Amino acid sequence: MTNIAIHTDTQTALCDYVLHLADTNLILGQRICEWSGHGPVLEQDIALSNIGLDLLGQTRSLYQYAAELLGGEKTEDDLAFLRSERQFKNLLLSEQPNGDFGYTIVRQFLYEAYQQLLLTELKKSSDAQLAAIAEKSLIETNYHYKWSAEWVIRLGDGTEESKSRIQKSINEIWTYSGEMFIPTADEQLLCSIGIIPDLADLKDAWMQKVKAVFAEATLTMPEEMYMQRGGKTGVHTEHLGYMLAEMQYLQRQYPGQIW
Amino acid sequence: MTEAEIWALLESVPDPEVPVLSVVDLGVVRAVSVEVSAPLSLANGEPSVTITITPTYSGCPAMDMISMGIRMALMEAGFKKVNIVQQLSPAWTTDWMSEAGKRKLKEYGIAPPLSNKIVDELFGEDHKIQCPQCNSMNTELVSQFGSTSCKALYRCLDCKEPFDYFKCHR
Numbered sequence: 001m002t003n004i005a006i007h008t009d010t011q012t013a014l015c016d017y018v019l020h021l022a023d024t025n026l027i028l029g030q031r032i033c034e035w036s037g038h039g040p041v042l043e044q045d046i047a048l049s050n051i052g053l054d055l056l057g058q059t060r061s062l063y064q065y066a067a068e069l070l071g072g073e074k075t076e077d078d079l080a081f082l083r084s085e086r087q088f089k090n091l092l093l094s095e096q097p098n099g100d101f102g103y104t105i106v107r108q109f110l111y112e113a114y115q116q117l118l119l120t121e122l123k124k125s126s127d128a129q130l131a132a133i134a135e136k137s138l139i140e141t142n143y144h145y146k147w148s149a150e151w152v153i154r155l156g157d158g159t160e161e162s163k164s165r166i167q168k169s170i171n172e173i174w175t176y177s178g179e180m181f182i183p184t185a186d187e188q189l190l191c192s193i194g195i196i197p198d199l200a201d202l203k204d205a206w207m208q209k210v211k212a213v214f215a216e217a218t219l220t221m222p223e224e225m226y227m228q229r230g231g232k233t234g235v236h237t238e239h240l241g242y243m244l245a246e247m248q249y250l251q252r253q254y255p256g257q258i259w
Numbered sequence: 001m002t003e004a005e006i007w008a009l010l011e012s013v014p015d016p017e018v019p020v021l022s023v024v025d026l027g028v029v030r031a032v033s034v035e036v037s038a039p040l041s042l043a044n045g046e047p048s049v050t051i052t053i054t055p056t057y058s059g060c061p062a063m064d065m066i067s068m069g070i071r072m073a074l075m076e077a078g079f080k081k082v083n084i085v086q087q088l089s090p091a092w093t094t095d096w097m098s099e100a101g102k103r104k105l106k107e108y109g110i111a112p113p114l115s116n117k118i119v120d121e122l123f124g125e126d127h128k129i130q131c132p133q134c135n136s137m138n139t140e141l142v143s144q145f146g147s148t149s150c151k152a153l154y155r156c157l158d159c160k161e162p163f164d165y166f167k168c169h170r
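Protein chains in written order, with the numbering used here: chain A, 1 to 259; chain B, 1 to 170.
Heads up, some of the hints might be wrong.
[Stated by the list, open to error] Beta-carbon label-pair distances, calculated as ranges:
#1 B/Trp7 to A/His239: 47 to 55 Å
#2 B/Arg30 to A/His239: 40 to 48 Å
#3 B/Cys159 to A/Lys168: 17 to 25 Å
#4 A/Gly194 to B/Pro47: 24 to 32 Å
#5 A/Asp77 to B/Met1: 33 to 41 Å
Because the hints were derived from the structure by calculation, they are not lab data.
These numbers come from a predicted model, not from an experiment.
All residues carry an ideal CB built from backbone N, CA and C; glycine is no exception.
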């Protein structure tokens, strides 16, 4: 059985791609908001929630656009709250549990380094609305990237304890980093018509960025390894279902609730 | 009501999180247009007003309040048809904050945004921010992320007071 739909229709591919971006931000935003009230110090607790809020805001713009592309009655809320696990297209990286502060930092850093490169390219997208969302999100992403990269360096080049823990996190999470650069059929189609950049180019730039920060942090890049994939096409790790159960409970139990 | 009068009216609509600033000071209102429908149409000459706004930060929870504040102010002024359009590009920047707005922020105890972009270089020294309480330049960054998306947390090393800096966004 295959779950990978091959789209020939650009509109459908674009909509699915926008959902992929939105879902990743939503899930990661939800994950880091789990830190609210549990951060190691107040300032970093606030930083995590601030970043989570930015991600959720960007998600709203993306879901609104996806709803527009779908063209029916669906709203941003339906897309966030009424789709099931197999319909979510977020990166596996974003759904991994928070672990310790170091694990959260590494996950965020790998993602923000990618976002910064991706959004810089999406600003030039031939799709005007996607370009507008990218332009707006990039300014926020620059803050997120700087914050997370500085923390990778502080922890890596910190104490023996912080270094060994963040290195362990890097080694554990690395297998989820490759999916960002493995294009789906949708992404190949959209790249061929100038809506999104070539992921292979992004990968080189991303590796250099990550390498430079790890070097400054005195951390070791993992060896090449098997990369997990599936999130973009709806095949997730066991963690997503639990998150959706918590996030979607209210809308499913009491349909149509609004703020 | 002319467009200029509507701009003046919007000066009285406060930002819900920093109420000394109006939505105009903040640079959130991008355009105002008034249209009068044809006298023979159903609306019968009733003017409708369209306000184009842009969000500050994507996740700013104040945006819905801002839309509502604008709608209420215009309805009180007699407009029955108020359209509020959200526009993302060009992206909002603190460069659009009015000079009056910056002055009001400082009087309120929040250091106004400089026009210097975030220093991209990791651990790059941030630009010196003046303490809004004692005017000392001897201050330091505590966190790039503060009580709201738009503010960073600083402390003054002379008067020892912590303060918010409305961070540069561009």
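Comparing the hints with the structure gives:
1. B/Trp7 to A/His239: 47 to 55 Å: holds, 50 Å
2. B/Arg30 to A/His239: 40 to 48 Å: holds, 41 Å
3. B/Cys159 to A/Lys168: 17 to 25 Å: violated, 44 Å
4. A/Gly194 to B/Pro47: 24 to 32 Å: violated, 42 Å
5. A/Asp77 to B/Met1: 33 to 41 Å: holds, 35 Å
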